[in-house]
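S.K.: Residues in the sequence shown are numbered from 227 upward in steps of one, following our numbering.
Just so you know, not all the hints are guaranteed correct.
Listed below are the simulated EDC-like cross-link pairs for lysine to aspartate or glutamate, each with C-alpha atoms no more than 16 Å apart in a straight line [to be verified]: (1) Lys354 / Glu255; (2) Lys285 / Glu255; (3) Lys394 / Glu429; (4) Lys281 / Glu255; (5) Lys281 / Glu259; (6) Lys354 / Asp337; (7) Lys315 / Asp337; (8) Lys276 / Glu259; (9) Lys469 / Asp456; (10) Lys315 / Glu330; (11) Lys276 / Asp307; (12) Lys276 / Glu330; (13) Lys354 / Glu259; (14) Lys285 / Glu242; (15) Lys234 / Glu288.
Derived DEER-like restraints, expressed as beta-carbon distance ranges [as the list claims (entries may be wrong)]: (16) Glu414 / Leu258: 15 to 21 Å; (17) Ala486 / Ala390: 30 to 36 Å; (18) Gln464 / Arg280: 37 to 43 Å.
No wet-lab data here; the hints were simulated from the structure.
Quick caveat: nothing in here was measured; it's all calculated off a predicted structure.
Even glycine gets a Cβ: it sits at the ideal position worked out from N, Cα and C.
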Amino acid sequence: MSATSKPKLYNPRHPERTLLYQTVAEHYETWLELASAGQFDGQGDHHTPKPFVRKAFAKYLECGIFAHGFARARCGDCGHDYFVAFSCKGRGVCPSCTTRRMVETAAHLNDHVFPRLPVRQWVLSVPKRLRYFMQRDGAVLSMVLRIFLRVIAQTLQTHSPGAAHMDKAGLHIGAIAFIHRFGSSLNEHVHFHVCVVDGVFEEVEGEGDADATPRISSPGVIFHAATGIDAATVAPVQTTLQKRILRAFVARGLLENCDAK
Numbered sequence: 227m228s229a230t231s232k233p234k235l236y237n238p239r240h241p242e243r244t245l246l247y248q249t250v251a252e253h254y255e256t257w258l259e260l261a262s263a264g265q266f267d268g269q270g271d272h273h274t275p276k277p278f279v280r281k282a283f284a285k286y287l288e289c290g291i292f293a294h295g296f297a298r299a300r301c302g303d304c305g306h307d308y309f310v311a312f313s314c315k316g317r318g319v320c321p322s323c324t325t326r327r328m329v330e331t332a333a334h335l336n337d338h339v340f341p342r343l344p345v346r347q348w349v350l351s352v353p354k355r356l357r358y359f360m361q362r363d364g365a366v367l368s369m370v371l372r373i374f375l376r377v378i379a380q381t382l383q384t385h386s387p388g389a390a391h392m393d394k395a396g397l398h399i400g401a402i403a404f405i406h407r408f409g410s411s412l413n414e415h416v417h418f419h420v421c422v423v424d425g426v427f428e429e430v431e432g433e434g435d436a437d438a439t440p441r442i443s444s445p446g447v448i449f450h451a452a453t454g455i456d457a458a459t460v461a462p463v464q465t466t467l468q469k470r471i472l473r474a475f476v477a478r479g480l481l482e483n484c485d486a487k
């Protein structure tokens, strides 16, 4: 620590003072009883909440509350000590712990996962009628994500000049997908955010081409950067996605042919 810097003081969060905590604490049990009885419109046979939802709310109501456990930290030099309430470490309800997990994940991806290459975010949102099936059927959700990733891969292959004449079977993308299940107003809105390295990776034997620019240091891999991806490029991607996703829903019997046109 420099001579001019001041030590930071620890201030407890006191989540019990926030409007969110007070609202959940006051109404959670009532909501749980009504939801378990199927009293909300649109529930059908899908009575909520599921066990993991119950657990998330229960943990949130204990998070940062000293009555539910704490640790004592003490400085061996000056003898000063203070108490830190346990956190729930959740990723669903608690704003504090969710933000911490988000920051840690972003730092991990930046420091240990993504190479030092351009990364582009692709987002896919679908009509409400399709969201219903994706929200309730994991197989349908995975199907749509696979279609999305394939279309992204084909787009990057097409717009990577260095890979124009390569065998497409030997070209791969680098991507990490995040599935969001709610919108900004907490409405059901399953959609995808996918972080994709902006280009394609070519499999090669040995150490690869040392003159390739840019080049990944990993043996057997050469990176070909994508160029010219703009709004005009995205328009046909949207059209392709629409056709393929609707066709897949028809094939599964979830939509009629007339509804997919």
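S.K.: Evaluate each hint against the coordinates.
M.R.: Results for each hint:
no.: 1; hint: Lys354 / Glu255; verdict: violated (30 Å)
no.: 2; hint: Lys285 / Glu255; verdict: holds (14 Å)
no.: 3; hint: Lys394 / Glu429; verdict: holds (10 Å)
no.: 4; hint: Lys281 / Glu255; verdict: holds (13 Å)
no.: 5; hint: Lys281 / Glu259; verdict: holds (15 Å)
no.: 6; hint: Lys354 / Asp337; verdict: violated (37 Å)
no.: 7; hint: Lys315 / Asp337; verdict: violated (22 Å)
no.: 8; hint: Lys276 / Glu259; verdict: holds (13 Å)
no.: 9; hint: Lys469 / Asp456; verdict: violated (21 Å)
no.: 10; hint: Lys315 / Glu330; verdict: holds (12 Å)
no.: 11; hint: Lys276 / Asp307; verdict: violated (41 Å)
no.: 12; hint: Lys276 / Glu330; verdict: violated (27 Å)
no.: 13; hint: Lys354 / Glu259; verdict: violated (28 Å)
no.: 14; hint: Lys285 / Glu242; verdict: holds (13 Å)
no.: 15; hint: Lys234 / Glu288; verdict: violated (26 Å)
no.: 16; hint: Glu414 / Leu258: 15 to 21 Å; verdict: holds (18 Å)
no.: 17; hint: Ala486 / Ala390: 30 to 36 Å; verdict: holds (33 Å)
no.: 18; hint: Gln464 / Arg280: 37 to 43 Å; verdict: holds (39 Å)
Hints 1, 6, 7, 9, 11, 12, 13, 15, counting from the list given before, are not met by this structure.
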